[in-house]
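Once you've looked at the hints, dock chains Z and A against the given chain L.
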Amino acid sequence: MAVAVFSGSIDRLTGLAMLVSGAVAMGYEVELFLQLWGVYAFKKDIVKKNMNFSEFQDKAPEVAKRLQELNVPSWFDIIKEAKENGSVKIYACSAAASIWNVKKEDLELVDDIIGAATWIEKMSKADITLFI
Amino acid sequence: MAVAVFSGSIDRLTGLAMLVSGAVAMGYEVELFLQLWGVYAFKKDIVKKNMNFSEFQDKAPEVAKRLQELNVPSWFDIIKEAKENGSVKIYACSAAASIWNVKKEDLELVDDIIGAATWIEKMSKADITLFI
Amino acid sequence: MAVAVFSGSIDRLTGLAMLVSGAVAMGYEVELFLQLWGVYAFKKDIVKKNMNFSEFQDKAPEVAKRLQELNVPSWFDIIKEAKENGSVKIYACSAAASIWNVKKEDLELVDDIIGAATWIEKMSKADITLFI
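Chains L, Z and A, in that order, are what the protein sequence lines are. Residue numbers for the first sequence follow the working numbering, so the first one is 1 and each next one is one higher. Residue numbers for the second sequence follow the working numbering, so the first one is 1001 and each next one is one higher. Residue numbers for the third sequence follow the working numbering, so the first one is 2001 and each next one is one higher.
Among these hints, one or two may not hold up.
[Stated by the list, open to error] No farther apart than 27 Å at their CA atoms in a straight line, the calculated lysine-lysine pairs in the DSSO-like style are these:
(1) L:K59 with Z:K1065
(2) L:K59 with Z:K1059
(3) Z:K1104 with L:K59
(4) L:K65 with L:K44
(5) L:K44 with L:K89
(6) Z:K1080 with A:K2122
(7) A:K2089 with A:K2044
(8) A:K2065 with A:K2043
(9) Z:K1044 with L:K65
(10) Z:K1125 with A:K2122
(11) L:K104 with L:K43
[As the list claims (entries may be wrong)] Here are some of the chain L residues that sit facing chain A, going by a computed Cβ distance under 10 Å:
(12) A4
(13) Q35
(14) L36
(15) A95
(16) I99
(17) T118
(18) S124
Read the hints as simulated data drawn from the structure, not as lab findings. Using N, Cα and C, we set each Cβ at its ideal position, and we do this for glycine too.
Bound-form chain L, shown alone (with noise of 0.2 Å):
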């Protein structure tokens, strides 16, 4: 599963996520390629601070709130254990990360800091490709 993280908003990253946990259940590799706004939410001073939906913004409070009263784990640490569980690869898209500016070390999880040619030849070996 080759999935390009264009969004940062994090209603979209946990929809994301579920994905990655389940693809990752069944034995799944799964390669993510950071865009814009996904660069910026895996920014290691955004990350738990980013409170940003992508639609439906009025019901965010009672969303977060059913999420939390769920127990259900933020986006970041589904990933994150994922990535300890199973074979998740993360990569930021260069031109991404010169817009905000940012090296590897920046950024949360990210293995590798990669142009979108590079991406496109691993997508393209994939069976499920999306777009976030």
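Frame of chain L, contents of chains Z and A only:
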């Protein structure tokens, strides 16, 4: 065609409906996996009154008016008709069903509630995989 | 690579442009299918003045400024250049063209207006399928 339906916004769901309708017309099997806002949008008490747009919110009235002038059915009616005429299976994500505290009978058109791992298995067999 | 371009927001279109450019660099054939907001964004009277962001709207000025500092071409110029240098076909969805009341000549870079069923056929032959 296997689509992870994260969004619950009616503009994106209309885009989805067009693709589902096209796939059924070509004789393809379609499977949908409703995630967070997707489950919300298929709730029986929400489906008719949901007016949320994912982008260009200020243009929503113009688009809604134009869809009416052209007699385009709602996203829901297009998917319902595709399900009646072709092979369309709709699954709700079990985690998202917990968040909204809903059972299968609280949702329109849903065939089953399944986990993300089961969904990944289904998606890995599809020719076309999308995340909306 | 076959991408259903639902979004018309310039941040998502920039993410798309990076992938299109990478795919062309690797010698892949690219096909785009413009849906609702995608058709809007390719309208000749809109393409230059569209400033819509899909998420983190409050950070749009910061990102726009940074793209300028780095001399990153606009999403449109990146796709235009990719189309000049590689195999990139751009189709507009006939239903979306009706909504905006546009013909092929009202849209930039569009090769043809086609229906969703024809698009599904094209997408089913692609190695990489995405919905943005």
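Here's how the hints hold up against the structure:
1. A distance of roughly 26 Å separates the Cα atoms of L:K59 and Z:K1065; the hinted pair therefore holds under the 27 Å criterion.
2. For the hint linking L:K59 to Z:K1059, the alpha-carbon distance of about 21 Å falls within 27 Å, and the restraint holds.
3. For the hint linking Z:K1104 to L:K59, the alpha-carbon distance of about 22 Å falls within 27 Å, and the restraint holds.
4. Of the supplied pair hints, the one linking L:K65 and L:K44 holds, its CA atoms being roughly 24 Å apart against a limit of 27 Å.
5. Taking the CA atoms of L:K44 and L:K89, the gap is about 18 Å. The hint holds against a cut of 27 Å.
6. With a CA separation close to 24 Å, the supplied pair Z:K1080 and A:K2122 stays within the 27 Å bound.
7. With a C-alpha separation of about 18 Å, the suggested pair A:K2089 and A:K2044 falls inside the 27 Å cut-off, and the hint holds.
8. Proximity of A:K2065 to A:K2043 is assessed by CA-CA distance (about 24 Å); at most 27 Å being required, the pair is judged to hold.
9. The straight-line distance between the Cα atoms of Z:K1044 and L:K65 is roughly 22 Å, inside the 27 Å bound, and the hint therefore holds.
10. Between the alpha carbons of Z:K1125 and A:K2122 the distance comes to roughly 18 Å, so the proposed pair stays at or under 27 Å and holds.
11. Between L:K104 and L:K43 the alpha-carbon distance is near 9 Å, which keeps this suggested pair within the 27 Å criterion.
12. The beta carbon of L:A4 comes within 7 Å of a beta carbon in chain A, closer than 10 Å, and the hint placing it at the interface holds.
13. Using the Cβ-Cβ criterion of 10 Å, the hint placing L:Q35 at the interface with chain A is satisfied: the shortest such distance is roughly 5 Å.
14. With a least beta-carbon distance of about 6 Å to chain A, the hint placing L:L36 at the interface is held under the 10 Å criterion.
15. A least Cβ separation of about 6 Å between L:A95 and chain A falls short of the 10 Å threshold, and the interface hint therefore holds.
16. Of the supplied interface hints, the one on L:I99 holds, with its beta-carbon coming within about 5 Å of a beta-carbon of chain A, less than 10 Å.
17. Contact between L:T118 and chain A, as hinted, is supported at the beta carbon level, the nearest pair being about 8 Å apart and thus within 10 Å.
18. Among the interface hints, the one on L:S124 holds; its C-beta lies about 5 Å from the nearest C-beta in chain A, closer than the 10 Å criterion.
In summary, the structure agrees with every hint in the numbered list given earlier.
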